[in-house]
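Participant: Sequence:
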Amino acid sequence: MSKRENRLSVTWPRELVRWFEREHRPMPWRSDPSPYKVWISEIMLQQTQVVTVIPYFDRFVGRFPSFEVLAAADLQDVLKLWEGLGYYSRARNLHQAARVLVEKYKGKPPLTAAGLRELPGIGAYTAAAIASIAFGEPVPSVDGNVLRVCSRLWGLETPMRDKALADEVRARLTPLIRKVNPSHFNQAMMETGALICKPRNPQCSGCLLSRHCVAFKTNRTDELPVVEKAGIVPHYRIAVGVVWKKGRILIARRAEKQMLGGLWEFPGGKQEKDEVLDETAVREIQEETGLAVRVGVPIVTVKHAYSHFKITMTAFRCEWLSGRARPKAAVELKWILPAALVDYPMPRATRRIAEASVIRSGKS
DNA sequence: AAAACGGGGTC
DNA sequence: GACCCAGTTTT
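For reference, each letter of the first sequence is one residue, going 1 to 364 in the working numbering.
Heads up, a few of these hints could be off.
Stated by the list, open to error - Lysine-lysine pairs mimicking DSS-like chemistry, simulated, CA-CA at most 30 Å apart:
no., residue 1, residue 2
1, LYS217, LYS245
2, LYS163, LYS270
3, LYS245, LYS80
4, LYS303, LYS257
5, LYS257, LYS310
6, LYS245, LYS328
7, LYS80, LYS163
8, LYS179, LYS257
9, LYS303, LYS273
10, LYS108, LYS198
11, LYS257, LYS334
12, LYS328, LYS80
13, LYS245, LYS334
14, LYS270, LYS229
15, LYS104, LYS246
16, LYS80, LYS310
17, LYS310, LYS270
18, LYS310, LYS334
19, LYS108, LYS229
20, LYS257, LYS270
21, LYS246, LYS273
22, LYS80, LYS257
23, LYS270, LYS217
24, LYS246, LYS198
25, LYS217, LYS246
26, LYS245, LYS198
27, LYS257, LYS108
28, LYS229, LYS334
29, LYS246, LYS163
30, LYS80, LYS270
31, LYS334, LYS198
32, LYS217, LYS229
33, LYS198, LYS217
To be verified - Here are the computed distance ranges between Cβ atoms for each label pair:
no., residue 1, residue 2, range
34, HIS304, VAL10, 27 to 33 Å
35, PRO55, LEU321, 53 to 59 Å
36, VAL51, SER89, 45 to 51 Å
37, LYS334, ILE359, 19 to 25 Å
38, ARG220, ARG14, 23 to 29 Å
39, ASP58, VAL227, 29 to 35 Å
40, VAL100, MET27, 25 to 31 Å
The set of hints was computed from the structure by calculation and includes no laboratory data. The beta-carbon is built from N, C-alpha and C at its ideal position, and this holds for glycine as well.
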């Protein structure tokens, strides 16, 4: 950058901050950006849109209003409030981070991004977001929105998923954020990505940055940022059993280190080649619990897409025949009344099966 | 460096 | 149905 450009210096950060201060969307954590609320919001906002987060945030903060209350809570209760939000390791890490804060930091979070970065569930983005929004530290928080805005603004061709792009963007933003309100600058960049500089059909006519934007000026907003397209994901057929015994249903708790760790589900597993689906249920239940069951009618089939595979899961009504339930793959097995299904944290697909099971059993 | 990790919104 | 989203952790 020449000396002349440097003296004139870029003015868009200040203009963008003013725009944000006028036009930003109201959010529960924006009216009171306390460290705790900012923290909860930023964890929930990882890979999750604002409109989805808001009701979860309100419930969560209502039930767990402080680091101390959260640290003292049972993980199962934390997961229950997280149910449906996904990426459950966020909830486990958040819970753990609260405990570390209370035990080793005297309940006060580190005041810098570098310090926050040490806590579980906090990576480069979240550390910078909390440090800037809650404590005013001038560090750029670089998320998917900011990568997109900056790729277009400066014509950066490094692919989105390449870590080098985030490094480049952070390096370019660092001198800029020092001249403005760091909290508002970071939020303004993300707000621009969410409302104006959208992945498709960006609203360049209403963008304060368009005068400076390489992609806009060269008509390449549809080519930047560079994104590699995802490969095809595998598809699995799953059979599970809703096993009844004396009016109770068997549920299994997944190990915490697994996918969907800590959540409860019905025992079952993947269909093998040339296997009849209801036999899959019988086999998997035997393998996972040691129980012999008589398989009955299919209750419901649900399709579900995870981030890296898809499933079609069919639940069969089963009757306990013999054996004492012992956990194999699961950490814990429990016979519960149907009315208690609602109390246990479950993955989305399992929740749908639970609802169908109770409805069916109530009618019959 | 790449893969694993959920679920919902959007076009 | 593909793509995207206020990313982090593990391998």
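Participant: If you check the beta carbons of LYS334 and ILE359, does the distance land in 19 to 25 Å?
Facilitator: holds (21 Å)
Participant: Hint check: LYS246 vs LYS198, CA-CA at most 30 Å. Holds or violated?
Facilitator: violated (55 Å)
Participant: Could one say that the CB atoms of VAL100 and MET27 fall in the range 25 to 31 Å?
Facilitator: Given a distance of about 27 Å, which is inside 25 to 31 Å, the answer is holds.
Participant: Compare the distance between the alpha carbons of LYS217 and LYS246 with 30 Å, and conclude whether the hinted pair is satisfied.
Facilitator: violated (71 Å)
Participant: Compare the distance between the alpha carbons of LYS217 and LYS229 with 30 Å, and conclude whether the hinted pair is satisfied.
Facilitator: Holds, because 25 Å separates the two Cα atoms, which is no more than 30 Å.
Participant: Is 45 to 51 Å a correct range for the gap between the Cβ atoms of VAL51 and SER89?
Facilitator: violated (22 Å)
Participant: Does LYS245 pair with LYS328 here, judged by a C-alpha cut-off of 30 Å?
Facilitator: Roughly 19 Å between the alpha carbons, so the hint for LYS245 and LYS328 holds.
Participant: Starting from LYS310, check that the Cα of LYS270 is at most 30 Å away, please.
Facilitator: Cα-Cα ~12 Å, so holds.
Participant: Run the distance test for LYS245 versus LYS80: straight-line Cα separation, threshold 30 Å.
Facilitator: holds (25 Å)
Participant: Please work out if LYS257 and LYS270 have their alpha carbons no farther apart than 30 Å.
Facilitator: Holds - the C-alpha atoms of LYS270 and LYS257 are around 20 Å apart, at most 30 Å.
Participant: Against the range 53 to 59 Å, how does the distance between the Cβ atoms of PRO55 and LEU321 compare: consistent or not?
Facilitator: At roughly 43 Å between Cβ atoms, LEU321 and PRO55 fall outside 53 to 59 Å, so the hint is violated.
Participant: Holds or violated: LYS257 and LYS310, Cα atoms, limit 30 Å.
Facilitator: The hint holds at about 21 Å.
When each numbered hint is compared with the structure, violations occur for hints 1, 2, 7, 8, 10, 15, 19, 21, 23, 24, 25, 26, 28, 29, 31, 34, 35, 36.
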